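Enquirer: Listed below are the residues making up each chain.
Number of protein chains: 2
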Amino acid sequence: MRKVDVLVIGGGASGLQAAITTKSTYPEKEVVLIRKEKQVLIPCGIPYIFGTLGASDKNILPDKNLTGVGVEIVIDEVTAINVEERSCSTAGVGPIKYEKLILALGSIPTLPPWLKGRELENVFTIPKNKIYLDEMLAKLEPLKKIVVVGAGFIGVEVSDELKKKGYEVILVELEETILNRAFDEEFGKIAEEHLLERGVKVVTGKGISEIKGKEGKVDKVILTNGESIAADAVILSMGYSPNTAIAKEAGIELNEHNFIKTCEYMRVLPCSTDIVAVGDCAEKRDFITRKLDQTMLASTACAEARTAGMNLFNLSPCKPFTGTIAIYATAIGEHAFGTAGITEFKAQQENFAVISGIFAGVDTHPGNLPHTHQQMVKLIVAADCGMILGGEVYGGYSTGELTNAIGFLIQNRVTVKALLTMQIGTHPLLTGSPAAYPLVKAAEVIAKKMR
Amino acid sequence: MRKVDVLVIGGGASGLQAAITTKSTYPEKEVVLIRKEKQVLIPCGIPYIFGTLGASDKNILPDKNLTGVGVEIVIDEVTAINVEERSCSTAGVGPIKYEKLILALGSIPTLPPWLKGRELENVFTIPKNKIYLDEMLAKLEPLKKIVVVGAGFIGVEVSDELKKKGYEVILVELEETILNRAFDEEFGKIAEEHLLERGVKVVTGKGISEIKGKEGKVDKVILTNGESIAADAVILSMGYSPNTAIAKEAGIELNEHNFIKTCEYMRVLPCSTDIVAVGDCAEKRDFITRKLDQTMLASTACAEARTAGMNLFNLSPCKPFTGTIAIYATAIGEHAFGTAGITEFKAQQENFAVISGIFAGVDTHPGNLPHTHQQMVKLIVAADCGMILGGEVYGGYSTGELTNAIGFLIQNRVTVKALLTMQIGTHPLLTGSPAAYPLVKAAEVIAKKMR
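Chains A and B are the protein sequences, given in the same order. Going by the numbering used here, the letters in the first sequence line up with residues 1 to 451, in that order. Going by the numbering used here, the letters in the second sequence line up with residues 1 to 451, in that order.
Heads up, some of the hints might be wrong.
Just so you know, same-sequence chains aren't split out, so a pair can sit in one copy or run between any two.
[What the hints assert, rightly or not] Straight-line distance between alpha carbons at most 25 Å, and here's what the computed SDA-like set of lysine to any residue pairs gives:
id	residue 1	residue 2
1	Lys130	Leu292
2	Lys164	Thr372
3	Lys189	Val32
4	Lys164	Pro370
5	Lys441	Pro27
6	Lys448	Pro317
7	Lys58	Glu215
8	Lys212	Glu186
What the hints contain is simulated information worked out from the structure, not anything from laboratory work. On a predicted model such as this, the values are computed, not experimentally measured, just so you know.
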């Protein structure tokens, strides 16, 4: 039976990152990554294969990321994990024994069991699966009218990209504003306006209750208020569930949302010195609320994977994973939205006393330079100690990194008072002005409220 | 004699910011800002009046920033400060008594006294002075060939903008690489390549020794190696000196570089409870080396001004100014460069044992999306404790905010080990990929070297 030092199950972002970090930290160890897929898609690029990129072939994670650093790739399916024997059964290459096992099992799209009509032809989800998505692209080709259900960032990005390609697109969201898990209402409203400008129809405050068909194919969608919308295809973007059945069968403990229970070094229970779990399949705890969380992001997955990889053979107490700050950015055309930490709405729901501040300006100075984009930043801080708990950004191309700057403030538990005297760098073409830098201005609004 | 609560001398970025912060923190106080200029230019926008903006009128700091929050503007010249009487003499409106005085005296271009020919017609500097710059633009109009001396960020930006306008431009720099005070060689070389691509001639490793004229006008520039370059105009961008003569006359202490000595609350000596100094005229201390520093940046000036304004009547020990990290960004066309903290070269000069790491990638993912720009990040960390001491960025429109993210890491004394497990947010159109995020990848390079 083959025996390897480190076996990674799963070839997505977290598996890739865990394998690379492990090999880089422990170059003397043999690291093998086993995955089903011949080619792996860049997860965050998937919405863009529907429009901008046009095909999944332009969105492939190159295997040389792994092979180039000495990680071996095995294309095969793991059929069972034997925790006591420290081995995995596979469909093809036979069992593999491991010293350390990294579970990067990923997630699968949620297909609600109560949804009638979900089996009809032209009902799709968005799995991270090239074969499925290539077929889907081909099936969508002759169709005209697509209903996308669920306005999280994947639903929003896919809607925008499909519209760009020329489809008639209706985006349906149960909540009153889109992107509502990650953004407060002010930002969700702007995002909705941009989608409308670009021709995507948006229906909020209504869910779907049923998909109706004609000759086995999608014909219309029935909303929770009884209205119906004609449709040639339905794309369900209603969340993802951890792909943890195989771990459960092996006796590895799952939490109430079916994520693999992990500690701050990403080790699983039981047998926690030998097995770690990372990415969408691994338990998440919110950095601010300390509650279990279900946010799945490639960037969070990579941070977990780096933590797991570095700590795999030698634990380092200065490198734990201290909870997800749910940091990400999304875009509608040239308009971008970023979020990190907790929203004001959620903070209030969770009983945090918070004070928020918003500043609206522009992302260059003077604002009549080319490429200038409106910019709006909101900060949410703890009312008692001033700690920065969350931030939201609307702007142009600098939005992603401005969001990362906020993320660093949150993760380092910086207070709004400290932020007020911090130095920022500015440039006419690249940022707001030194006297109107959005993070500082939002902090000033909060400082005023605190007095 | 008129008496005001707070008198601000100077209408540039630091005076403006100090006045606004003071009025916002102490709304019951009367705040008056006195300045010579009828209209004030946005300092960082000045290079862009030579090309992109085309005129200084598009680069004005609006007075409503001040008047809108209740700051009174007086257009007049302060002729003397009487520290004991707490009053200022002026050229026009008569003396003004103050309770607190904010010195935001700014800086003036350095015109080396040893430089022969500096008095010739068509020899210019770049003061923050609308009248001078408007005249300069008019005088440059019929000319063809311009030599810019000094390749700091102002020299580089002005050269690029003049070239854009159609002039033949030669940029002369005494050091071996351009932008060398803020960037290590790798970055300076790229900047030079981009200038060359755009048609700016760059001469490095040579200074100027003399400007020669014909009929009182510039005719050529003589370099330190004896070579000569024909020129219709010369723009001297050889640094700025603090505009502190009036403070010196008043008995306010200056340091060895003629900056007004200040404490961490920006108070001056003597009489430090009543007078503060901010911006280009105020003493700077490097955040990393703790030595006196001469970097002048509008963004640093604004951070100092916020500190001074907030602490003016009530000192807050949680809001000091802890030293400049010299953070800024610059651009050559669509190619941007950002820097924060110390360069590797300077760190070595100063006897810091440092380890650096560079990562080169792209600023989107996958890298075949539109608007993708090459990206390179260098981090410099202390070899013993891993503290992040500096960072440099080359990239596209996200460079300014990515540099600010690095600035926050430096100012919060984050270590490279902590950075390795930090979460970042990514998006295909806005950032590098989660598995190849430049800050984390550069940190990984360093971590490997540390083992």
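Enquirer: Could you place Lys164 and Thr372 in one of the four classes (within, between, both, neither) given a Cα distance threshold of 25 Å?
Expert: both (23 Å within a copy, 19 Å between copies)
Enquirer: How would you classify Lys164 and Pro370 at a CA-CA limit of 25 Å: within, between, both, or neither?
Expert: The answer is both: 24 Å in one copy and 14 Å across copies each meet 25 Å.
Enquirer: Should Lys130 paired with Leu292 be assigned to within, between, both, or neither, using CA atoms and 25 Å as the limit?
Expert: neither (31 Å within a copy, 58 Å between copies)
Enquirer: Checking an output row: Lys441 and Pro27, CA cutoff 25 Å. Within, between, both or neither?
Expert: between (47 Å within a copy, 17 Å between copies)
Enquirer: With identical chains, the pair Lys58 and Glu215 could be close in the same copy or across copies; at 25 Å between alpha carbons, which is it: within, between, both, or neither?
Expert: Neither. Shortest intra-copy (35 Å) and inter-copy (64 Å) distances fail the 25 Å Cα cut-off.
Enquirer: Measure nothing new, just compare the shortest in-copy and cross-copy C-alpha distances for Lys212 and Glu186 to 25 Å and report within, between, both or neither.
Expert: Neither, since 35 Å and 62 Å both go past 25 Å.
Enquirer: First find the shortest C-alpha distance between Lys189 and Val32 inside one copy, then the shortest across copies, and answer within, between, both or neither for a cut-off of 25 Å.
Expert: Neither, since 46 Å and 40 Å both go past 25 Å.
Enquirer: Check Lys448 against Pro317 for me: Cα-Cα at most 25 Å, and say if that holds within a copy, between copies, both or neither.
Expert: between (39 Å within a copy, 18 Å between copies)
The earlier numbered hints that this structure contradicts are 1, 3, 7 and 8.
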